Amino acid sequence: MSNAEVLSKLEQIVGKDFASNNQEDLFIYSQDPGVSHPRPVDYVVMPETVEEVQQIVRFANDKKIPIVPMGGGMTLSGLVIPIKGGIVLDMKRMDKIIEINETSRYALIEAGVTSGKLIAHLREKYPDLQAPYPDAPPSITIAGNALIHGSGYLSQKYGDHGAMINSLEVVLPNGEVCKVGSCAISNYWFTRGPIPDLVGLFTSAFGTMGIVTKISIKLFPKPKLRDIVIGLIKELNTIPGLILNLTKTDIPEDLMIALAEKPDFMKGYAILLLYITGDSQDELDSKTKILKKIYRKNKARFMKLPPRYYDVFLEQPQFAAKAADFRKGGGFEYVGSFMPLGKIPEAIEKARDISLKYGIVPTQVSRIIGRGHNVMFAASYSFNRADPEDMERARNALHETNKMVLELGGIPWKAERDGQKLIIEKMDPNYKMLFKTIRNILDPNGIMNPGNWEV
Amino acid sequence: MTINVKQDWKDIVHRCFRCGYCKFTFEYSDFNCPSYKKHRFETYSTGGRMWLIYGIINGDLQWSQNLANVLYSCSTCGNCMENCRFDKFNDFLVDIIEAARAEAVKNGFCPEKQKALLERTTNTEMFNPYGEPNSDNEELKKKYNLPDKAEWVYFIGCTSNYRQKNLRDATLRFLKKINLDFTLIDEHCCTSPIIRTGQIEPVKEFMNYNIDKIKEVGATKVITSCAGCCRTLKVDFAKQGVNHDLEIYHTSELVKRFLDEGKIMFTSEFNKTVTYHDPCHIGRHMGLYEEPRDVYKQIPGIKFVEMGRNRENAWCCGAGGGVKIGYPDWAVEISKERLEEAKETGATILSSTCPFCRTNLSDANDKFNLGLEVIDLIEILDQLEIKVNE
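So the protein sequences, as listed, match chains A and B. Under our numbering, the residues of the first sequence are numbered 2 to 456, in order. Under our numbering, the residues of the second sequence are numbered -12 to 377, in order.
Quick caveat, the hints were computed from the structure, so don't treat them as lab data. Note that the structure is predicted; figures quoted are calculated from it, not measured. For each residue, glycine too, the CB sits at the ideal point set by N, CA and C. Some hints could be false.
Claimed, not checked - With a Cα cut of at most 20 Å, we get these calculated PhoX-like pairs of lysine-lysine:
# : chain 1 : residue 1 : chain 2 : residue 2
1 : B       : K136      : A       : K97
2 : B       : K374      : B       : K284
3 : B       : K374      : A       : K97
4 : B       : K(-3)     : A       : K329
5 : A       : K329      : B       : K75
6 : A       : K268      : A       : K351
7 : B       : K136      : B       : K208
8 : B       : K24       : A       : K17
9 : B       : K128      : B       : K24
Said to hold, decoys possible - Here are some chain B residues pointing at chain A (derived, C-beta under 7 Å):
#  : residue
10 : L48
11 : R72
12 : G288
13 : F291
Assemble the whole structure, with the sequences as input and the hints as a guide.
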């Protein structure tokens, strides 16, 4: 089948305006803002309905054309850049908020709903509810974030965002629509069980198992007030104990440890960013008092910042993309990882060494997930997009960090292809066999984001 | 291949991270970029355009008509500049797009409709983008009994002079009513449409001509009823290196000043509900948000209401940047969204301070039968009785 015929078929499905193989569209979708090399894309398609997704998948399966689903395209690790060409399925036209269930506290939304859209919708119509979303631009999708085991708001208290998925609607590689979670049984998309939990098949699978078209995500009560209680940590080895003592209290809504050697006053310190919430100032004050005492007992100290910093730290979502402007070069990528709390001090030291080795200002963040059950540890590497050598340095630093993470017992998160290979090398053989078996059954033609998770 | 001002822009174009803040309104409730909202491919976001332009600069992409069309489907409204979070980069987003358009022109990829606009403007019988015979404005001078020499020049602008004559005439009547010492010149296009579409070759000649004509009548001050002319005279002349010492006022600025100084006072009522559409050219491009609002609010009897998206956050009418001429059907669709937003306020009048906005909003109002009255601020003022304190 010629390219023109494929395009014509895709146009028949989604309409002429939403299927393209123009060089400029392919150029944009052949790269992401991270440090991955561009890779060729053959078609970009934007479906609007689940039926259109089904038709595209059936057609692609018939013609054995790879499909790569894309949400906000902000993983930075090249997960939505096809490895073997084919169709990029940009999901952002599927952007309906279908239901906000106030009683069971969930949002049922289409896969292309951005965090910006859900945040604005809740603020306007449901001010007592809040959604989990990452420290990422408002253009990211809620589904994309949850499906890569994202983390961010509310993760300290309630876990990673993948754990907040109640139910999914998925178009399987054969084009059939499958519902997983409670929506497979009930009209309420309120929980994953109590049936065999197949939601996990589609999380961190990077589109290799199917294309998620709807998601139900947990919502949480939103207290009236939110503040930040900043701590200064001098001795890195005190971090695990401090975190355990803080999370014993049930006070922190979110909890992060940031290290950056710029600006200069941050050098040599870890900054504890602890978010508290409450319904009155008295409540916040009394929580702050308790936290200050814990800081002191654990060799940390409370720090007050000028008001402008509070505005920065309390913005929702936080402007984390600022890191891309550190070098005035439009690029940054980070190795995010899931890391055991006890290994955080070592990870910080080793990531710092890697940064310095590659001439990059050390910048790391550790986000506490679920009271310390897990930590999302990230080492960030800014680069100048216009400087190929700088990009190569960042690539090497990322790869080395991936290795370091695995050596410490952590696991690289939303890993790019090379990172996936490192993970697979350490993977239990029977896990690999199970994964491969399931994948081959679901996708015998290997059309779903091929090149990823090649076990 | 290099873009026209490669040396100026090559060090900053790649600063775009494509994070997407530029696509959203302040509170993220909607997309603010008309072309992204229509096309939805990332290509049509400002970030997409920045990456395409960088692709051209570094040789990864070659010019094509499709690529030029992506650049030309930006209404240059500047919403992206308000929402891009990278300081000292966000100020230049529209400039970069216009510079890239200039390079498209040099490489022979200016779309045909926009090209025709230049041909008409440089036609010595016309000197306007509408293809109308040039008016030297002598008849108007006679009709309104205007002097040959004056302190002020009313620079009518092509849209008011050839398409929105009601607005022009209302302005002339108003200026007479307030006893402003003004006259008209044999003006040529201010060059806004050709700058916005990257056709910059004849721009300086037009600018110098208009300055000479203004100075010939002894004027030191210029008043415009067109947001596009105002921006061009005040901002683009300097950008093009054409400096002048003229004071440039938009009508809303002049009226506000006269009200503040007590020179004029509105003495009759206008008992209607009005909402205001911020023209991009005097709003985001020049920061004139409060001046027109202050004038509306001083009109006795008026009920002034705001649309959800206003000031820096205002949705573009869709006429600017060559979109009206290049994509006329889509341009009115963009306006339709604005009119619907206006209706939600309960207003019966959607008012603006730009003849180009007025044209496009009116076209959409008629096409989609939306039932609003679309008029310029000056047309409202023209209906009022005004006491002039000498």
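Check: Can B/G288 be said to touch chain A, with a Cβ gap under 7 Å?
Finding: Violated, about 32 Å.
Next item on the list: Answer holds if the nearest beta-carbon of chain A is closer than 7 Å to that of B/F291; otherwise answer violated.
Entry: At about 23 Å, which exceeds the 7 Å cut-off, the nearest Cβ of chain A leaves the hint on B/F291 violated.
Note to self: Let's test the interface hint: is any C-beta of chain A closer than 7 Å to that of B/R72?
What the structure shows: Where the cut-off is 7 Å and the nearest Cβ of chain A is about 6 Å from B/R72, the hint holds.
Check: Is the Cα-Cα distance between B/K136 and A/K97 20 Å or less?
Finding: violated, 62 Å
Next item on the list: Given the hint that B/K374 pairs with A/K97, test it: the Cα-Cα distance must not exceed 20 Å.
Entry: violated, 54 Å
Checklist line | 20 Å Cα cutoff - pair B/K128, B/K24 | finding: violated, 45 Å
Note to self: For B/K(-3) and A/K329, compute the direct alpha-carbon distance and say whether it is at most 20 Å.
What the structure shows: Judged against 20 Å, a Cα distance of about 12 Å means the pair holds.
Notebook entry, point to check: Can the restraint linking A/K329 and B/K75 be considered satisfied, given a maximum Cα separation of 20 Å?
Noted result: holds, 10 Å
Next item on the list: Compare the distance between the alpha carbons of B/K136 and B/K208 with 20 Å, and conclude whether the hinted pair is satisfied.
Entry: With Cα atoms ~12 Å apart, B/K136 and B/K208 stay inside 20 Å; holds.
Next item on the list: Below or equal to 20 Å on CA atoms is what counts here, so check A/K268 against A/K351.
Entry: holds, 16 Å
Notebook entry, point to check: CA of B/K374 to CA of B/K284, is that 20 Å or under?
Noted result: holds, 17 Å
Notebook entry, point to check: Does the CB of B/L48 sit less than 7 Å away from some CB of chain A?
Noted result: With Cβ-Cβ at 6 Å, under 7 Å, it holds.
Hint violations for this structure: numbers 1, 3, 9, 12 and 13, all remaining hints satisfied.
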